[in-house]
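A.B. asks: So you can see what is in the structure, the chains are spelled out below.
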Amino acid sequence: MSGRSRGQTGRRGLHPAAWWAWAGCLAIVASRTTDVLLLLLVVVVAAYVVAARRTDAPWSRSLAVFLKIGLVVIAVRVILEMAFGNRLPGHVLFTLPQVPLPAWARGVSIGGPVTLEALLQAAVEGLRLAVVLVCFGAANSLASPYRLLRCLPAVLYEAGVAITVSLAFVPELVASIGEVRDARRLRGRPVRGLAGVRGLAIPVLERALDRSVQLASSMDARGYGRRPPTLARARRWAAAAVGAGLLAVLAGIYGLLAAGSLPAAGLPLVAVGCVVLASGLIAGSRRRMRTRYRPDPWGMPEWVVVASGLAAVIGVVVAGILDPGSLQMSLSPLRVPALPLVALVGVVLAVLPAWVAPVEMQTRASADVGDVADTSRKQGKPSQQGEQGTSAPSDKPSNENTDTTGPGPRTPPPPRDGIHESERVAATPPAPIGSGAAA
Amino acid sequence: MIEFRNVGFTYDGASMATLEGVDLTVREGELCVVVGPTGSGKTTLLGAVNGLVPHFTGGRMSGEVTVEGRSTREAPPRELADVVGMVGQNPAASFVTDVVEDELAYTMENLGLAPAVMRHRVEDTLDLLGLHDLRSRPLRTLSGGQQQRVAIGAVLTASPRVLVLDEPTSALDPAAAEEVLASLTRLVHDLGLTVLLAEHRLERVLPFADAVVLLPGRGAPVVVGTAAEIMAGSPVAPPLVDLGRLAGWDPLPLSVRDARRLAGPLRDRLADRVPAAQEPASGGAMATFSKVTVRYDRIMALDAVDLAVHPGEVVAVMGRNGSGKSTLLAQLAGIRPPTTGMVRVGGADPVALAPRDLIAAVGLVPQDAGLLVYGTSVADECRAADRDTGLAEGTTAEVLERVLPGLPGDRHPRDLSEGQRLALALAIVLAPAPPLLLLDEPTRGLDYPGKRRLIALLAELASTGHAVIMATHDVELVAQVATRAVVLAEGDVVADGPARDVVCHSPVFAPQVAKVLAPGPWLTVDEVEAALVGGGARG
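Protein chains in written order, with numbering that gives the first Met the number 0: chain Z, 0 to 438; chain F, 0 to 538.
In short, the hints are calculated from the structure, not lab data. There may be inaccurate statements among the hints.
[Stated by the list, open to error] Taking beta-carbon pairs under 8 Å as the criterion, some of the chain Z residues facing chain F (in silico):
(1) GLU157
(2) ALA182
(3) GLN213
(4) GLY222
(5) ARG291
[Unchecked claim] Cβ-Cβ distance ranges computed for the label pairs, FRET-style:
(6) TYR47(Z) - ALA307(F): 50 to 56 Å
(7) ARG217(F) - ILE281(Z): 53 to 59 Å
(8) PRO407(F) - VAL196(Z): 27 to 33 Å
(9) ARG197(Z) - VAL350(F): 19 to 25 Å
(10) PRO296(Z) - ARG217(F): 57 to 63 Å
(11) PRO294(Z) - ASP11(F): 38 to 44 Å
[Said to hold, decoys possible] Sample of chain F residues lacking proximity to chain Z, with all beta carbon distances greater than 12 Å (derived):
(12) GLY68
(13) ARG72
(14) ALA153
(15) ARG244
(16) GLY263
(17) ALA276
(18) GLY282
(19) SER289
(20) ALA303
(21) GLY345
(22) THR388
(23) ALA461
(24) GLY496
Don't be surprised by glycine CBs; every beta carbon is placed ideally from N, CA and C.
The whole structure should be built from the sequences, with the hints applied where relevant.
C.D. replies: Written out as structure tokens, the structure reads:
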């Protein structure tokens with residue numbers, strides 16, 4: 000039955016790991032070159048793919064944020080160069096007043112003549128860092144870090160949850176600072192200066208703690224950390240193994256470090272301890288009964304996207320082997336950067352995902368409700384509650400039709416027309432939402 | 000389905016038991032409403048159903064709670080996740096993931112269900128709660144009503160037999176509240192779910208309730224019965240019941256439809272009378288908006304709004320969630336400057352005022368009242384407020400005593416119930432008696448007596464030349480105290496006029512009394528009573 004197979008392989012856009020791998024490849028390319036043209040090409044490629052394949056989610060705007068951060072990085076790098084930089088000989092543009100420093104600080108210089116070459120070098124280095132940041136921003140825009148964390152192996156699940164929660168915390172904290180500031184003003188208390196900061200810290204922390212307690216209780220009530228009771232024995236064994244392994248490793252390290260006491264026993268103890276620890280961890284993660292909802296499948300598009308990223312890396316590496324100098328910007332003598340053909344082809348190949356990657360599934364109806372507007376409102380003022388009220392159009396047959404015929408392997412929304420409805424009912428008992436099939 | 004046997008509970012360090020000797024049975028397939036004054040232990044009672052109390056909160060518990068035969072004594076909340084679905088007071092704070100669909104699946108993932116089953120249940124739940132259009136929306140971008148429905152859906156996918164909700168409609172506008180309650184009724188009727196919910200706005204939930212649990216608080220025993228039985232003797236009752244008592248109807252009506260059937264004679268008696276007229280406000284404007292536009296990013300929060308508020312007016316600002324109400328108040332309190340246009344409070348620009356001068360001109364109680372309160376105890380907070388505003392020692396405590404008598408001074412603000420915290424924030428803002436008072440959702444979590452005291456306070460302030468602007472979803476509050484109503488939609492003022500004219504014939508904003516006595520212009524039980532007793536002004 001189609002419903003069943005969909006349930007297991009339903010695709011919601013490209014696998015997040017593929018996006019992050021692709022962006023990582025671009026970042027590697029950027030870090031290996033100072034060729035301005037190549038660096039700018041990487042930015043163009045990243046921006047083009049993001050524009051073609053991003054969704055309406057709030058994190059899809061992170062590319063713009065990272066672009067701005069990149070510009071700041073370049074500016075800071077150039078300013079630092081002007082103030083403290085090592086003086087590259089060349090065309091002097093202007094001279095800053097020099098601060099005489101004592102002899103012991105000979106390596107440092109403040110002020111002095113500023114050359115075109117030095118500024119260019121600083122700008123190019125800043126640009127390289129900025130492009131790496133932009134690659135990271137592109138990954139963020141295409142697949143939220145949260146989705147990436149969903150793909151972590153089961154052993155690391157708890158760590159993944161901790162990271163997820165803390166990621167969600169940052170915007171929360173920023174919003175909370177704004178709210179508390181406003182509230183202090185309403186109490187007639189200073190919002191600026193030292194007193195203001197002190198008055199902010201405690202309420203903000205209090206609210207953060209409140210929120211984490213609420214979240215913890217919600218997670219507890221929703222079955223987080225549940226374990227099958229029949230495996231209690233296995234669980235105790237796993238816990239004992241982890242404990243014993245840790246002890247053995249500690250003792251072994253002590254043996255290794257404290258020469259003379261147990262030198263011979265050191266290495267074997269560490270080895271045995273590691274084995275016991277690992278088996279305990281593996282057994283412990285096996286007892287977890289967690290399943291995953293709609294795991295992102297890894298298929299042809301993912302391979303192609305990763306391959307296109309790798310092509311860019313290979314292009315740059317090959318170009319570097321063919322002509323080691325071609326990837327570096329020549330500053331003295333100053334020359335227009337060459338664009339090695341192999342690297343160019345590689346980076347251009349990295350734009351493939353703009354067509355190859357499936358469009359992230361978005362029901363047309365939800366796109367209609369004006370989320371963009373909604374989202375921006377939400378970000379602008381977190382205390383506001385959505386724009387549309389609750390009047391999201393719930394019956395839009397025309398939209399659903401267009402959606403099911405849409406391009407790409409997106410999952411059709413649950414059908415509402417008669418045929419599908421009956422099919423669905425036939426597939427499962429009509430009782431309360433899929434009863435019985437549990438546990 | 001749910002059984003409390005002689006349950007008592009005391010929080011750590013508390014001198015008084017929160018629950019004492021509670022015996023309670025909720026049968027399968029019932030929608031049971033828990034009512035009671037602010038701070039009477041409703042949230043604690045609900046938490047005990049799935050074991051969050053005491054496993055998560057700590058404290059001492061006696062007696063036993065069983066759900067579908069399982070005792071919370073042995074099973075921690077996570078083991079009961081497949082039996083009890085718990086939706087807290089603030090749904091946004093309970094979200095674990097970031098997208099609607101993932102949130103719906105989260106509980107099932109923890110239960111270890113097969114992927115095919117999960118997918119199928121998510122689709123069913125999306126349809127059941129009308130969330131289908133929102134499936135891939137980030138949770139943060141949803142409106143209050145949508146968030147509430149997602150929170151319900153998120154626990155529903157685990158197909159629990161019991162659903163527990165704490166104030167599911169108090170943050171919602173009337174239309175969204177109806178939507179959520181309709182979903183709940185459907186779950187009870189179609190799927191035989193057992194629902195236990197706490198709610199202060201009885202007028203909203205009572206028509207749907209099969210049983211009512213009255214928690215009188217302060218150690219008094221719990222009363223359980225049908226809605227009609229409990230309402231006959233309850234200290235907390237919606238206006239409909241009060242009207243029924245006044246008119247001597249039997250049985251007491253619980254829905255507008257029941258009441259209208261009985262109300263024929265009363266309508267006839269009132270036909271030639273009109274409610275006492277309010278004096279129109281006089282004097283110069285206290286606060287003015289001229290062509291004020293506020294834009295967040297690409298959203299018009301307020302669109303060229305013109306408004307003047309005079310001394311003695313109580314203005315109710317209404318509109319659905321996110322229609323710009325809070326923005327309007329934030330403008331007057333000087334929190335945000337307008338994008339274009341001019342805001343004046345008492346002739347000054349509120350944004351430019353120093354904090355001390357600001358609170359002398361305008362006081363705002365924000366939607367999240369806890370924001371205003373960050374002292375270490377109630378008494379400490381009151382003293383600090385006196386110092387901030389240069390009032391005589393004890394003024395704030397006095398006002399607090401008027402809003403909510405008997406709040407222990409040594410309590411930490413974080414340990415107060417939502418309603419108690421609101422009362423404290425109200426006292427802090429009301430104490431210096433600012434000429435312009437702004438209230439954002441001032442009745443959230445407040446019980447009927449608390450509301451009555453608040454209304455008395457507001458009426459007194461208005462009569463002494465203060466102006467009050469309140470953003471609210473509570474139509475009964477508007478009916479009782481507002482002299483003028485402003486309705487916002489999408490940042491526009493779509494209605495502005497005397498509260499009676501605006502509210503009376505609106506299908507969304509009309510209070511219960513107006514719905515029962517339409518087409519008569521009556522808003523509150525008190526008005527009707529005064530007209531019947533005093534003869535009223537002949538029309």
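A.B. asks: Now look at each hint and say whether the structure bears it out.
C.D. replies: Right, here's what the structure says about each hint:
1. Interface hint status for GLU157(Z): violated, as the beta-carbon distance to the closest one in chain F is roughly 12 Å, over 8 Å.
2. For ALA182(Z), the interface hint holds, the least distance from its beta-carbon to any beta-carbon of chain F being 4 Å, beneath 8 Å.
3. The criterion of a C-beta within 8 Å of any C-beta in chain F is met by GLN213(Z), whose closest approach is roughly 4 Å, and the hint holds.
4. The criterion of a C-beta within 8 Å of any C-beta in chain F is met by GLY222(Z), whose closest approach is roughly 3 Å, and the hint holds.
5. Taking 8 Å as the C-beta cut-off, the interface hint given for ARG291(Z) holds, the closest approach to chain F being about 6 Å.
6. Distance hint check for TYR47(Z) and ALA307(F): the Cβ-Cβ separation is about 52 Å, which falls inside the suggested range of 50 to 56 Å.
7. For ARG217(F) paired with ILE281(Z), a C-beta distance near 55 Å keeps the hint of 53 to 59 Å intact.
8. In this structure, PRO407(F) and VAL196(Z) meet the distance hint of 27 to 33 Å, their C-beta atoms being roughly 32 Å apart.
9. Range check, ARG197(Z) to VAL350(F): about 24 Å between beta-carbon atoms, so the 19 to 25 Å window is met.
10. In this structure the supplied range 57 to 63 Å holds for PRO296(Z) paired with ARG217(F), their Cβ-Cβ distance being about 59 Å.
11. Between PRO294(Z) and ASP11(F) the C-beta distance comes to about 42 Å, which sits within the given range of 38 to 44 Å.
12. Remark: the non-interface label on GLY68(F) is consistent with the geometry, its nearest Cβ contact in chain Z lying 16 Å away (cut-off 12 Å).
13. The claim that ARG72(F) is not at the interface with chain Z holds, since no C-beta of that chain comes within 12 Å of its own (minimum 15 Å).
14. Distance check on ALA153(F): its Cβ comes as close as 7 Å (rounded) to a Cβ of chain Z, failing to clear the 12 Å threshold; non-interface status is violated.
15. With a cut of 12 Å on Cβ distances, ARG244(F) stays outside the contact zone with chain Z, its closest approach being about 34 Å.
16. The Cβ of GLY263(F) sits about 35 Å from the closest Cβ of chain Z, beyond the 12 Å cut-off, so the non-interface label holds.
17. At roughly 34 Å from the closest C-beta of chain Z, the C-beta of ALA276(F) stays outside 12 Å, upholding its exclusion from the interface.
18. For GLY282(F), the condition that its CB be more than 12 Å from all CB atoms of chain Z holds, with the nearest at approximately 26 Å.
19. Listed as outside the interface, SER289(F) is consistent with that label: its C-beta sits roughly 22 Å from the nearest C-beta of chain Z, beyond the 12 Å cut-off.
20. Distance to chain Z confirms ALA303(F) as a non-interface residue, since its nearest Cβ pair spans about 18 Å, more than 12 Å.
21. At the 12 Å boundary, the C-beta of GLY345(F) stays outside the reach of chain Z, the nearest C-beta of that chain being 16 Å off.
22. Here THR388(F) does not stay apart from chain Z, with its beta-carbon only about 6 Å from theirs, under the 12 Å limit.
23. Under the 12 Å C-beta cut-off, the non-interface status given to ALA461(F) relative to chain Z holds; the minimum distance is some 21 Å.
24. Distance check for GLY496(F) against chain Z: the nearest CB is about 22 Å away, which clears 12 Å, and the non-interface claim stands.
Comparing the model with each earlier hint shows violations of hints 1, 14, 22; every other hint is respected.
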